[in-house]
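Asker: Read off the chains here:
There are 2 protein chains.
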Amino acid sequence: MEQRVLDTILDRVRDRLEHNDLAGAIDIIERLYPPDQADILSELEPDQQEALLTQLETEQAADILEELEDEEAAEIAARLPLETLSDIVDEMETDEAADLLGDMEPEQASEVLARMRDADDVRPLLLHKDETAGGLMTSEFLALRERMTVRQALEAVRQWSPEKEEAVHYLFIVDNQDRLQGIVSLYELIKAGPDQRLGEIMSTDVISVPAEADQEQCAHLMRRYDLYALPVVDAGNHLIGVITVDDIVDVIVDEQSEDMERFGGSLPLDKPYLDTSVFQVARKRMGWLFLLFVADTFTGTVLRHFEHELAAVVALSFFIPLLIGTGGNAGSQTTSTIIRGLATGEIRIRDALRVFWHEARVGFSLGLMMGAAAFIRAITWDPSHPLLAIAVGTAAVAIVFWANCLGSLLPIIAARLKIDPAIVSGPFMATMVDATGLYIYFRIAKAILGI
Amino acid sequence: MEQRVLDTILDRVRDRLEHNDLAGAIDIIERLYPPDQADILSELEPDQQEALLTQLETEQAADILEELEDEEAAEIAARLPLETLSDIVDEMETDEAADLLGDMEPEQASEVLARMRDADDVRPLLLHKDETAGGLMTSEFLALRERMTVRQALEAVRQWSPEKEEAVHYLFIVDNQDRLQGIVSLYELIKAGPDQRLGEIMSTDVISVPAEADQEQCAHLMRRYDLYALPVVDAGNHLIGVITVDDIVDVIVDEQSEDMERFGGSLPLDKPYLDTSVFQVARKRMGWLFLLFVADTFTGTVLRHFEHELAAVVALSFFIPLLIGTGGNAGSQTTSTIIRGLATGEIRIRDALRVFWHEARVGFSLGLMMGAAAFIRAITWDPSHPLLAIAVGTAAVAIVFWANCLGSLLPIIAARLKIDPAIVSGPFMATMVDATGLYIYFRIAKAILGI
Numbered sequence: 024m025e026q027r028v029l030d031t032i033l034d035r036v037r038d039r040l041e042h043n044d045l046a047g048a049i050d051i052i053e054r055l056y057p058p059d060q061a062d063i064l065s066e067l068e069p070d071q072q073e074a075l076l077t078q079l080e081t082e083q084a085a086d087i088l089e090e091l092e093d094e095e096a097a098e099i100a101a102r103l104p105l106e107t108l109s110d111i112v113d114e115m116e117t118d119e120a121a122d123l124l125g126d127m128e129p130e131q132a133s134e135v136l137a138r139m140r141d142a143d144d145v146r147p148l149l150l151h152k153d154e155t156a157g158g159l160m161t162s163e164f165l166a167l168r169e170r171m172t173v174r175q176a177l178e179a180v181r182q183w184s185p186e187k188e189e190a191v192h193y194l195f196i197v198d199n200q201d202r203l204q205g206i207v208s209l210y211e212l213i214k215a216g217p218d219q220r221l222g223e224i225m226s227t228d229v230i231s232v233p234a235e236a237d238q239e240q241c242a243h244l245m246r247r248y249d250l251y252a253l254p255v256v257d258a259g260n261h262l263i264g265v266i267t268v269d270d271i272v273d274v275i276v277d278e279q280s281e282d283m284e285r286f287g288g289s290l291p292l293d294k295p296y297l298d299t300s301v302f303q304v305a306r307k308r309m310g311w312l313f314l315l316f317v318a319d320t321f322t323g324t325v326l327r328h329f330e331h332e333l334a335a336v337v338a339l340s341f342f343i344p345l346l347i348g349t350g351g352n353a354g355s356q357t358t359s360t361i362i363r364g365l366a367t368g369e370i371r372i373r374d375a376l377r378v379f380w381h382e383a384r385v386g387f388s389l390g391l392m393m394g395a396a397a398f399i400r401a402i403t404w405d406p407s408h409p410l411l412a413i414a415v416g417t418a419a420v421a422i423v424f425w426a427n428c429l430g431s432l433l434p435i436i437a438a439r440l441k442i443d444p445a446i447v448s449g450p451f452m453a454t455m456v457d458a459t460g461l462y463i464y465f466r467i468a469k470a471i472l473g474i
Numbered sequence: 024m025e026q027r028v029l030d031t032i033l034d035r036v037r038d039r040l041e042h043n044d045l046a047g048a049i050d051i052i053e054r055l056y057p058p059d060q061a062d063i064l065s066e067l068e069p070d071q072q073e074a075l076l077t078q079l080e081t082e083q084a085a086d087i088l089e090e091l092e093d094e095e096a097a098e099i100a101a102r103l104p105l106e107t108l109s110d111i112v113d114e115m116e117t118d119e120a121a122d123l124l125g126d127m128e129p130e131q132a133s134e135v136l137a138r139m140r141d142a143d144d145v146r147p148l149l150l151h152k153d154e155t156a157g158g159l160m161t162s163e164f165l166a167l168r169e170r171m172t173v174r175q176a177l178e179a180v181r182q183w184s185p186e187k188e189e190a191v192h193y194l195f196i197v198d199n200q201d202r203l204q205g206i207v208s209l210y211e212l213i214k215a216g217p218d219q220r221l222g223e224i225m226s227t228d229v230i231s232v233p234a235e236a237d238q239e240q241c242a243h244l245m246r247r248y249d250l251y252a253l254p255v256v257d258a259g260n261h262l263i264g265v266i267t268v269d270d271i272v273d274v275i276v277d278e279q280s281e282d283m284e285r286f287g288g289s290l291p292l293d294k295p296y297l298d299t300s301v302f303q304v305a306r307k308r309m310g311w312l313f314l315l316f317v318a319d320t321f322t323g324t325v326l327r328h329f330e331h332e333l334a335a336v337v338a339l340s341f342f343i344p345l346l347i348g349t350g351g352n353a354g355s356q357t358t359s360t361i362i363r364g365l366a367t368g369e370i371r372i373r374d375a376l377r378v379f380w381h382e383a384r385v386g387f388s389l390g391l392m393m394g395a396a397a398f399i400r401a402i403t404w405d406p407s408h409p410l411l412a413i414a415v416g417t418a419a420v421a422i423v424f425w426a427n428c429l430g431s432l433l434p435i436i437a438a439r440l441k442i443d444p445a446i447v448s449g450p451f452m453a454t455m456v457d458a459t460g461l462y463i464y465f466r467i468a469k470a471i472l473g474i
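Top line first, the protein sequences correspond to chains A and B. My numbering puts the first residue of the first sequence at 24, with every later residue one more than the last. My numbering puts the first residue of the second sequence at 24, with every later residue one more than the last.
No lab work stands behind these hints, which were simulated from the structure alone. Errors might be hidden in some of the hints.
What follows is a list of derived Cβ distance ranges for each label pair [unchecked claim]:
| # | chain 1 | residue 1 | chain 2 | residue 2 | range |
| --- | --- | --- | --- | --- | --- |
| 1 | A | Gly310 | B | Trp380 | 18 to 26 Å |
| 2 | B | Asn260 | A | Arg54 | 17 to 25 Å |
| 3 | B | Ala395 | A | Ala395 | 20 to 28 Å |
| 4 | A | Ser133 | B | Ala179 | 49 to 57 Å |
| 5 | B | Thr227 | A | Leu45 | 48 to 56 Å |
| 6 | A | Arg373 | B | Glu80 | 27 to 35 Å |
| 7 | B | Glu80 | A | Gln175 | 29 to 37 Å |
Okay, derived cross-link-like pairs now, DSBU-like style, lysine-lysine, Cα gap no bigger than 30 Å in a straight line [to be verified]:
| # | chain 1 | residue 1 | chain 2 | residue 2 |
| --- | --- | --- | --- | --- |
| 8 | A | Lys214 | A | Lys187 |
| 9 | B | Lys441 | B | Lys152 |
| 10 | B | Lys294 | B | Lys187 |
| 11 | B | Lys307 | B | Lys152 |
| 12 | B | Lys152 | B | Lys294 |
| 13 | B | Lys214 | A | Lys441 |
| 14 | B | Lys214 | A | Lys187 |
| 15 | B | Lys441 | A | Lys187 |
| 16 | A | Lys294 | A | Lys441 |
| 17 | A | Lys307 | A | Lys441 |
| 18 | B | Lys187 | B | Lys152 |
| 19 | A | Lys294 | A | Lys307 |
| 20 | A | Lys307 | A | Lys187 |
| 21 | A | Lys441 | A | Lys152 |
| 22 | B | Lys214 | A | Lys214 |
| 23 | A | Lys214 | B | Lys441 |
| 24 | B | Lys441 | A | Lys294 |
| 25 | A | Lys294 | A | Lys152 |
Computed from a prediction, not measured in an experiment: that's the story for all the values here. Here a beta-carbon is modelled for each residue, glycine too, at the ideal position from N, C-alpha and C.
Input sequences plus hints: build the corresponding full structure.
Answerer: Below is the structure:
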């Protein structure tokens, strides 16, 4: 829904609430999709949120809590009466319920669990870390036996009432010890003859993951093989949960946000930007900013080391920001491409040498171009000093070449060390190239100018 | 599949082919999933590719072509005999077939179309631009009437044989002029009584998009509302195609790759990195590198402007890279967060002022911290020169504050002008802060040192 439309609706809801017309407000909200309902709710005052969630149909309140950001949902939930909250959580999808309970105070969470009908479905999900397959999966799936007929399976589907109906795409076939044997899509079920057995029509080459698998790996598999659901199994191949594609879409977007923020030179935020306090935003950036500052103090050391040369040819200093800036830019270009290639799987760790050779040539070509530009800039700046221009041009070639080589290797080395390659951020590269680029510049200038 | 396993399989396939054992090679390949088959094929020699695609079952050859990168698929297709190629394209999903034909030489494409059975399904798809809803949609969907009973609908599903069975999740309900009325999921169809009419059980609040909608908008809708398929309609609300969630996952990843490369300071590559020639990679980066170089030449102008001050206090120059480097880092941190927020919808253009106010405070806090660090660095460097240290520290506060303010506004201004905010890249920010940061530094130094 368009933001403008939502804003108008929000105004109307507020208006009703201010006139104590709760029923009127509910009337408006009920007609929206859950994500829009959640957007409206999160803009309201705490007491209004409470009133609405308590008065809405339990199922709708559950949908809204599912759609809110995790931390916000936990905050609002903490203020609801225990009875109401338990009823609402009971209606939530099991994976979302587990996420919410995990974000609440342990005491409150266990009181809610004690009151829930579906506590047994949710409890096992609480054992898994958030960013793993186990943390993503739902325990809502229909597992049937090979010997069952299609007619019986259709009947089983009719008897079944999952919270998240719109995500049901496959049935899972297990043996008598719940070990995963195959899957059948609803489409295949409809196509099959009523007396066929599930064992005959199921696909047996099922892609599954262990509960500990990283969410990024799950996303990669689901994307590569166009999966609508990914079964999660334990060490004995027992089916313990299912990851649905809509949840994976959110994972992909979140992982990308993390990469982008890391690449920008900060730690990823845990909440939407505008919900994150100034202090928290600053805290996420402070570490890298300071670390890079410390690393960058070496530039002063390099400069002091070449103090004599600087004093001899003051004009050398005019080109410092230009040369190290260009080197940093070239490094950032390289590393962003490599980081992204690693994230999508286009580049693998074992491609390191190929990538290096590729970038070395790219760096040399771009270096030549920038060297020519730098030479022209320097010679037009001071035509009486051709040697200076030659030094500046040569330094540009060398620095861009160096930046590309470094930028091609560092992310792959990080990946090899199981560190997120995105930490080789633009600022990181710029800082690496600052001191080293200065050193290259002055060595070359010394040699060419004979100072 | 693990890369190592795939490599072993590739070796075995190559071995068979070198011993002219085509059947043996096919035997190995047939047991793989299509994405893995495509990976193997793309590593083989052109004549081996041709031989395999011609000898494989048409349906499998079609699956492989679907999985190959667009340009590679077009290259390989161009070498196949027209007869074989037409048969293969006939078996492809209609949206993939349209993409392939769009990438081929127009002459060859029309010859293929002339020989295809399903040409009429594919032709309309060729009219739409690649990165729009029309370019993404498939014409393979089952559209039924409201008055139809569930029993009849189930029968219609049984009669229907789409190429991409695994993506069938919904049926679409249209009126007698093909205008979209509602959707029914297969799950709902199974749950319903056989004599119920589709009109009774369908959901009527269907989210749909026009064919011209940008793919990013489609992705945003499907993610927000957890959709498994998104119907595409024309101006008269006639259903003309459907976008499936697996295709949207690829769009999300591609858009993010583009953002990341833009943010790194280059134009996005069109092909996987290692398939892109050195010349092409260099060409994608050259423009920005050169433009930023030109912008950065202003640093020289600023430095020359303050030549007198530099000569008076040579130590001023030691802190230049440190100060402008830190400013660039702070700017890059800010802009990456804002760009990402804009991409995910967390930040909207109308939030500009709130974002600015947020960042101004973040920038001031971080500035104070970096100012203290810079002061300490300068005073320990040369304890006899406290005024210099005060100037360096004050400049750090001002530059970081300035970088954050700039970094918060530029991406939103770009978005307002309908330019991809990711062009406000790290290198772009670093360059912006170079000359302006120098200017701030020298103005402050002049005032404090009285030079």
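Asker: Give a verdict on every hint.
Answerer: Checked hints:
{"no.": "1", "hint": "A:Gly310 <-> B:Trp380: 18 to 26 Å", "in the structure": "holds (24 Å)"}
{"no.": "2", "hint": "B:Asn260 <-> A:Arg54: 17 to 25 Å", "in the structure": "holds (20 Å)"}
{"no.": "3", "hint": "B:Ala395 <-> A:Ala395: 20 to 28 Å", "in the structure": "violated (42 Å)"}
{"no.": "4", "hint": "A:Ser133 <-> B:Ala179: 49 to 57 Å", "in the structure": "holds (50 Å)"}
{"no.": "5", "hint": "B:Thr227 <-> A:Leu45: 48 to 56 Å", "in the structure": "violated (27 Å)"}
{"no.": "6", "hint": "A:Arg373 <-> B:Glu80: 27 to 35 Å", "in the structure": "holds (32 Å)"}
{"no.": "7", "hint": "B:Glu80 <-> A:Gln175: 29 to 37 Å", "in the structure": "holds (33 Å)"}
{"no.": "8", "hint": "A:Lys214 <-> A:Lys187", "in the structure": "holds (24 Å)"}
{"no.": "9", "hint": "B:Lys441 <-> B:Lys152", "in the structure": "holds (19 Å)"}
{"no.": "10", "hint": "B:Lys294 <-> B:Lys187", "in the structure": "holds (25 Å)"}
{"no.": "11", "hint": "B:Lys307 <-> B:Lys152", "in the structure": "holds (22 Å)"}
{"no.": "12", "hint": "B:Lys152 <-> B:Lys294", "in the structure": "holds (18 Å)"}
{"no.": "13", "hint": "B:Lys214 <-> A:Lys441", "in the structure": "violated (47 Å)"}
{"no.": "14", "hint": "B:Lys214 <-> A:Lys187", "in the structure": "holds (14 Å)"}
{"no.": "15", "hint": "B:Lys441 <-> A:Lys187", "in the structure": "violated (37 Å)"}
{"no.": "16", "hint": "A:Lys294 <-> A:Lys441", "in the structure": "holds (25 Å)"}
{"no.": "17", "hint": "A:Lys307 <-> A:Lys441", "in the structure": "holds (21 Å)"}
{"no.": "18", "hint": "B:Lys187 <-> B:Lys152", "in the structure": "holds (22 Å)"}
{"no.": "19", "hint": "A:Lys294 <-> A:Lys307", "in the structure": "holds (12 Å)"}
{"no.": "20", "hint": "A:Lys307 <-> A:Lys187", "in the structure": "violated (36 Å)"}
{"no.": "21", "hint": "A:Lys441 <-> A:Lys152", "in the structure": "holds (18 Å)"}
{"no.": "22", "hint": "B:Lys214 <-> A:Lys214", "in the structure": "holds (16 Å)"}
{"no.": "23", "hint": "A:Lys214 <-> B:Lys441", "in the structure": "violated (47 Å)"}
{"no.": "24", "hint": "B:Lys441 <-> A:Lys294", "in the structure": "holds (26 Å)"}
{"no.": "25", "hint": "A:Lys294 <-> A:Lys152", "in the structure": "holds (18 Å)"}
The earlier numbered hints that this structure contradicts are 3, 5, 13, 15, 20, 23.
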